[in-house]
Amino acid sequence: MGTSNFADGNACWTALTGCWNAVEINDLSTVDVIGIDVNNAGKVEVTAVITRPYTLFPDTAVEGQGQNKFLAETVTGESILEAFGKISGSIPEKIYYGHTSLVVFGEQAAREGISASLDFIKRENDFRPNIQLMVTRGSAKQFVKTTPQFNISLGLEMNDLLISNRYAATGMVNDVSQFMEAFSSETADPYTGVVNSAKEDGIDVDKGEKQKTEQPNAGNRQNQQQQNVPNAMSLGGAAAFKGGQLKGILNEQETRGLMAIEGKLQNQIFVLNCGKNQGTATITITDVNSKLSPLAAGGAPKMAIDIQVEGDIGQLTCSNLNMNSQQVERFNQQLEDLIKRDVSTVLEKVKNEWQTDIFKFGEEFYRKYPEEWKQMAPQWRNGLLKKMKIDLTVSASLSRYGEIKDPAKPNK
Amino acid sequence: MNNSLPTNQDLGQSNSDIPSMSLSSSLNENLDVLKKTFDGCDDIVFNEVSFVDKSVCLVYIAELISNQTIFEIEKGLASSLESYTQNGPQPSFTSLVYRCFPFRRDKDSKNIRGVIKRIMAGKVALLVDDTDDALLFDTNNPSEVNVPESDTERTVRGPNKGFVETIDTNLRFIRQKIQTPSLKVNYLTLGEQSNTKVSVVFMEGIADKEIVAEVHRRLSRIDIDGVLDSHYIESMIKDSPWSPFPTLFSTERADRVCGGLLDGKVAILTDGSPSALTAPTMFVEFLHSSEDYYDSSLVASIIRWVRFLGLFVTLILPAFFVGITTFHQDLLQTPFLMRIAASREALPYPVMVEGFFMLLTYELLREAGLRMPKKLGGAIVTILGLVLIGQSAVQAGLVGSMMAIVVSVTALTSFILPNYEFHQVIRFGTIPFLLLAGVFGFMGILVALMFVLAHLISLRSFGVPYFSPVSPGRKEGWKDVFIRAPWWAMDTRAPGLGVDNIDRVGAKNRVHTPAEEKVDQDGKK
Numbered sequence: 138m139g140t141s142n143f144a145d146g147n148a149c150w151t152a153l154t155g156c157w158n159a160v161e162i163n164d165l166s167t168v169d170v171i172g173i174d175v176n177n178a179g180k181v182e183v184t185a186v187i188t189r190p191y192t193l194f195p196d197t198a199v200e201g202q203g204q205n206k207f208l209a210e211t212v213t214g215e216s217i218l219e220a221f222g223k224i225s226g227s228i229p230e231k232i233y234y235g236h237t238s239l240v241v242f243g244e245q246a247a248r249e250g251i252s253a254s255l256d257f258i259k260r261e262n263d264f265r266p267n268i269q270l271m272v273t274r275g276s277a278k279q280f281v282k283t284t285p286q287f288n289i290s291l292g293l294e295m296n297d298l299l300i301s302n303r304y305a306a307t308g309m310v311n312d313v314s315q316f317m318e319a320f321s322s323e324t325a326d327p328y329t330g331v332v333n334s335a336k337e338d339g340i341d342v343d344k345g346e347k348q349k350t351e352q353p354n355a356g357n358r359q360n361q362q363q364q365n366v367p368n369a370m371s372l373g374g375a376a377a378f379k380g381g382q383l384k385g386i387l388n389e390q391e392t393r394g395l396m397a398i399e400g401k402l403q404n405q406i407f408v409l410n411c412g413k414n415q416g417t418a419t420i421t422i423t424d425v426n427s428k429l430s431p432l433a434a435g436g437a438p439k440m441a442i443d444i445q446v447e448g449d450i451g452q453l454t455c456s457n458l459n460m461n462s463q464q465v466e467r468f469n470q471q472l473e474d475l476i477k478r479d480v481s482t483v484l485e486k487v488k489n490e491w492q493t494d495i496f497k498f499g500e501e502f503y504r505k506y507p508e509e510w511k512q513m514a515p516q517w518r519n520g521l522l523k524k525m526k527i528d529l530t531v532s533a534s535l536s537r538y539g540e541i542k543d544p545a546k547p548n549k
Numbered sequence: 024m025n026n027s028l029p030t031n032q033d034l035g036q037s038n039s040d041i042p043s044m045s046l047s048s049s050l051n052e053n054l055d056v057l058k059k060t061f062d063g064c065d066d067i068v069f070n071e072v073s074f075v076d077k078s079v080c081l082v083y084i085a086e087l088i089s090n091q092t093i094f095e096i097e098k099g100l101a102s103s104l105e106s107y108t109q110n111g112p113q114p115s116f117t118s119l120v121y122r123c124f125p126f127r128r129d130k131d132s133k134n135i136r137g138v139i140k141r142i143m144a145g146k147v148a149l150l151v152d153d154t155d156d157a158l159l160f161d162t163n164n165p166s167e168v169n170v171p172e173s174d175t176e177r178t179v180r181g182p183n184k185g186f187v188e189t190i191d192t193n194l195r196f197i198r199q200k201i202q203t204p205s206l207k208v209n210y211l212t213l214g215e216q217s218n219t220k221v222s223v224v225f226m227e228g229i230a231d232k233e234i235v236a237e238v239h240r241r242l243s244r245i246d247i248d249g250v251l252d253s254h255y256i257e258s259m260i261k262d263s264p265w266s267p268f269p270t271l272f273s274t275e276r277a278d279r280v281c282g283g284l285l286d287g288k289v290a291i292l293t294d295g296s297p298s299a300l301t302a303p304t305m306f307v308e309f310l311h312s313s314e315d316y317y318d319s320s321l322v323a324s325i326i327r328w329v330r331f332l333g334l335f336v337t338l339i340l341p342a343f344f345v346g347i348t349t350f351h352q353d354l355l356q357t358p359f360l361m362r363i364a365a366s367r368e369a370l371p372y373p374v375m376v377e378g379f380f381m382l383l384t385y386e387l388l389r390e391a392g393l394r395m396p397k398k399l400g401g402a403i404v405t406i407l408g409l410v411l412i413g414q415s416a417v418q419a420g421l422v423g424s425m426m427a428i429v430v431s432v433t434a435l436t437s438f439i440l441p442n443y444e445f446h447q448v449i450r451f452g453t454i455p456f457l458l459l460a461g462v463f464g465f466m467g468i469l470v471a472l473m474f475v476l477a478h479l480i481s482l483r484s485f486g487v488p489y490f491s492p493v494s495p496g497r498k499e500g501w502k503d504v505f506i507r508a509p510w511w512a513m514d515t516r517a518p519g520l521g522v523d524n525i526d527r528v529g530a531k532n533r534v535h536t537p538a539e540e541k542v543d544q545d546g547k548k
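Residue numbers (the numbering used here), protein chains in the order written: chain D, 138 to 549; chain Y, 24 to 548.
Possibly wrong hints are sitting among the right ones.
Here are the computed lysine to aspartate or glutamate pairs in the EDC-like style, where the Cα-Cα straight-line distance is at most 20 Å [what the hints assert, rightly or not]: (1) Lys231/D to Glu227/Y; (2) Lys206/D to Glu227/Y; (3) Lys524/D to Glu485/D; (4) Lys200/Y to Glu227/Y; (5) Lys502/Y to Asp318/Y; (6) Lys180/D to Glu210/D; (7) Lys439/D to Glu509/D; (8) Lys259/D to Glu227/Y; (9) Lys526/D to Glu466/D; (10) Lys428/D to Asp443/D; (11) Lys231/D to Asp318/Y; (12) Lys523/D to Glu473/D.
The hints are simulated quantities; they were obtained by calculation from the structure and are not laboratory data. Because the structure is a prediction, the values reported are computed rather than measured.
All chains should be built: construct the whole structure from the sequences, respecting the hints.
Right under this line is the structure:
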């Protein structure tokens, strides 16, 4: 035994390659995005999108082959690892998760529970802890085949979508470590973003591809296949979990409410009407502060939510509007009402109907009343959360309406 | 502060060790004083002639005066003596000498300090018995028009004088820059067959006496048939004969040696070699260039950091690239990973082997370019190198384009290191690092760096820790390690060198704030 180890060691030194865990970079098959579904038989269906690096760049690509930039392999198995085992058998390189940036769960898979998947992700050392974890309506298998438009891979596209967004709140998307924290916590439940193909969300994407008049037969089938592949993706809503199971997907309005409570509403757009006048005022949220103050007096928990919002006027189409402080005050009032409505809706649905604590209310109670929390904890998700009274105050202030008071008008 | 120009007396105060007294009328007394002052300067010449009732003595520094000048002066003296012996005591001998050298005389001096200063400045002094007046001959110093710039250590600003292969000329360069009798020059002869002239140069009062003695002791132990270059000496007197790192600093620049002497170092000059050695040596010196001291403090400090970066890049970059692409791909950015993976898709050899081949190719090209007869021209190497590495190897799929970039950058940055000897050590140091990174990844690099650092810290150069003043830490010395403090702030010499005289500049030179100026003025009133 000892001698063979010694011999192996020497072989390493002399062969100068294949030492220990050394892997040449071109022998890695980088899994970019993982899609996880369940099939009707209740088995896991894993779709791994593997990049083929040399097709990504014009100077290394082999021309004229119409090669796909990605390889999407779908395999069914008892567990994710088993599925990857099968995938590995069809790939002549080492499967590598170090640069995986996105794990997408199909809605059905998420409803049946994602604990097993999280376990795999936690156990495998390759994974970075900041992988985005998302849910898609429909099947993840279809979604992960989305063609990236601005980046070399879908995963990078998703990262940029979250980081560089200008007009949408993206705070509902959580990465694996944030998700795990809420998942394993007694005082909170996890939630994360929902991502869909742009078409489903009502965004018409035209890549401007020329229609090919003549198509070879072989290409025809491939082309038809590609018809189903989403062109672009879009963020839409949030997925609320209870423990490891998806309880439901929040619509746009409810997601806004969730973001308002979490204080992550920056960049969100609100449309206000102008009262008596025709037209609308469109607001971009610039700053949000939310404060949760729990009160556990007498066994009846109560929570005061105080949300402060600041915004800018981004577009104004109201005719005959006299922009003065009264008008701004009216807008503020309207924005406050809007946010109050959103928050109430989401609380009604998530807190009362689903009884899941994605707002981390439990965390607040645990922090302020650690002793009382011990008694509260068992009933928290079985009625106590639902019973909890909410005292909601929202204050909005639009700033910087500035020099341009009137809407743009012709002939003036 | 008074704004008037400093008088001669003010300037004279700095050389307090030079006796300030009038010449006596006795030649022997004067010579005693001079010989005491010039004790340890083997290059001072006392040329004493006695006849009838007179003794005269010519005093000068050998390498500062050309033989032609001495010959002419001696000829004039001979004729004066002749007419003096023929004509008897009238007119006096001095007036005869005056008559003989109507134009070539410098202002006479009655003060011994004046005489010494003039001797140091390259005059010939004639002391005559019974005369308390030294005759000083203005000499034509050998012209320095054709002194070459040092090829290996180049600077933009500052003196460019490089040493030549004659020891006397090299000594003259030093004597011209440091004109004091405290600059001692000791002659030795080394080499059983070659009988090479070697001189040990140091500043008395600044250099540590023990170190000077140690240099002499080590030099005296050398027993070899010939010394053709200063490296013979270096390898035989260095502290750790097995260490790849140079523990003596070799330079071809006169200003660098003079800087070292003023820092309290001992210089060893070898006849026939343009490289002088200075000792003791600290590691940081190899990252300093002479120009650091001629640029503004801020610029020089930034350039120093560029050099530190250059050192790390040269040593680590190929290893780092190999480590990151074969072990630590997680550390790359995703697009960069894709890029590298794409460019390496069809390459036959592992990155480490590629890196090794590329470094080897570079060494081959370098050596070929260096040894190629000048008549063939360097262009061949340039073109071949460009075509061979830049184009063919990459296009033919032998070497990845990233590795070609990495090795080119490494080869280029290695020349940031100002000292050639050190540059070579670091350049070859790249290869073991590369191999270790290929086998153990970053852990290999780190462990190797740890060992190198431990080795460096354990080194000593003539008893001075090699890594001083960083380790052992001496805060006073940090003014000239990572930054180069302005000259007015460098009021002490490097403390680690064990110098006898730590103060470099007087308080006069400090920059005073306006508030301090005011306090000074008020105090004066």
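Here's how the hints hold up against the structure:
no.: 1; hint: Lys231/D to Glu227/Y; result: violated, 69 Å
no.: 2; hint: Lys206/D to Glu227/Y; result: violated, 76 Å
no.: 3; hint: Lys524/D to Glu485/D; result: holds, 11 Å
no.: 4; hint: Lys200/Y to Glu227/Y; result: holds, 16 Å
no.: 5; hint: Lys502/Y to Asp318/Y; result: holds, 15 Å
no.: 6; hint: Lys180/D to Glu210/D; result: holds, 16 Å
no.: 7; hint: Lys439/D to Glu509/D; result: holds, 13 Å
no.: 8; hint: Lys259/D to Glu227/Y; result: violated, 71 Å
no.: 9; hint: Lys526/D to Glu466/D; result: violated, 29 Å
no.: 10; hint: Lys428/D to Asp443/D; result: holds, 5 Å
no.: 11; hint: Lys231/D to Asp318/Y; result: violated, 54 Å
no.: 12; hint: Lys523/D to Glu473/D; result: violated, 24 Å
Taken one by one, the earlier hints fail for this structure at numbers 1, 2, 8, 9, 11, 12, listed in ascending order.
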